[in-house]
Amino acid sequence: MHRSPLPRGGSRLAAPLALLLALTLAGCAPEPAPPSPPAAAADAPAERADDTSEAPRPSDDAEDAEDAEDAEDAAKSAPAPPENPGFDQATLDDLLRQAAWANDLDTAAALIAWGGDVNAKDDTQQSPYLIATSEGHLEFLRLTLASGANVQDLDSWVGTGLIRAAERGHWGVVGELIRAGVPLDHVNRVGYQAIHEDVWMGRDDATYHATTRVLFAGGVDFETRSLSEGLTPLEMADQRGFHGQAQVIRALLAEPVPADPDAALLAAAAAGNPSATAAALRAGADGSAVDATGATAFDLATAGTHVLTAQILTALGHGGASD
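Just so you know, the sequence shown maps onto residues -16 to 306 in the numbering used here.
Hints in this document: simulated from the structure, not taken from any laboratory. It is possible that part of the hints are untrue.
Simulated DEER-style distance windows between Cβ atoms [claimed, not checked]:
#1 GLN72 <-> ALA246: 50 to 58 Å
#2 ALA96 <-> GLY174: 38 to 46 Å
#3 PRO166 <-> GLY213: 20 to 28 Å
#4 PRO68 <-> ALA286: 28 to 36 Å
#5 GLU66 <-> HIS226: 53 to 61 Å
#6 GLY213 <-> VAL141: 16 to 24 Å
#7 ALA272 <-> LEU210: 33 to 41 Å
#8 ALA189 <-> GLY131: 31 to 39 Å
Here a beta-carbon is modelled for each residue, glycine too, at the ideal position from N, C-alpha and C.
Hey, can you work out the whole structure from these sequences and the hints?
Put into structure tokens, the structure is as follows:
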């Protein structure tokens, strides 16, 4: 069995990264707290945080305008981010990759603000974006996507971020990448698509089963044979003796294409059927669709404590927080 090793980051930049973090924290120190409000204001009744039933009042627009002005004033008075202490582009990019390995969001945000490139690769052909995909750093991945990450980018194995994430069983990252438009069925230089890496390189456990369901729900092809072994994903699971993974794949492939994907999604979520949920999403179901009571599929899944179903919905942006 061939495994495509993903080299990890070294420690050569640990000291510069620590220095940068210290500079960042020093530059972002909070302003002194404002004085306490007068007693009359402090004694004023607080608004009810849980009162969402009240209809909009005619004065709401004015209050919204005041809130917007307050937010703008706060933004103007907030301390400016620290300036680049003098790092050139190569150093910024090196430090940003090191921050990716460390999953250091604060430092990464500062580096990006100074011009660090989330697509800049090292000599192993790994960028901050690609590192986030393989390491399962979901929030860091979101930061790179918001900062211009190229989801078409490839690593030294000619693999996408989706292939890297699937190999490691990062189902939340897989869902995020699918939502971002990553190529679903790209083949790397050893002949594997993301689903092949998920099955052939993975384990027969719940994490990889969730990854398989998310890949199916996202529209990944489950019928193509790998170029290396000439096996479909199901045949791979059987050959590896992954009985649980094979059962998951068989259940997914057995699901019919629903005539009404939205209705099928709501019914599957209420019943706690992860395979039918994945099939409905694959067929184009709207995750925000509601039933007669106003409940979404995620509402129904969580109300019934259907964890496997909720995982799929969460990964593809239909509620909850991913791994």
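So, going through the hints one by one against the coordinates:
In this structure the supplied range 50 to 58 Å holds for GLN72 paired with ALA246, their Cβ-Cβ distance being about 53 Å. At about 40 Å, the beta-carbon gap between ALA96 and GLY174 stays in the expected band of 38 to 46 Å. For the hinted restraint 20 to 28 Å between PRO166 and GLY213, the CB-CB distance of approximately 22 Å keeps it satisfied. For the pair PRO68 and ALA286, the supplied restraint of 28 to 36 Å is violated, since their beta-carbon distance comes to about 51 Å.
The hinted window of 53 to 61 Å between GLU66 and HIS226 holds, with their beta carbons roughly 58 Å apart. The given range of 16 to 24 Å is respected by GLY213 and VAL141, whose C-beta atoms sit roughly 19 Å from each other. One distance hint, 33 to 41 Å for the beta-carbon pair ALA272 and LEU210, holds here, with the actual separation near 39 Å. Take ALA189 and GLY131: their Cβ atoms lie about 34 Å apart, and the range 31 to 39 Å holds.
Going down the numbered hints, you'll see the structure goes against just number 4.
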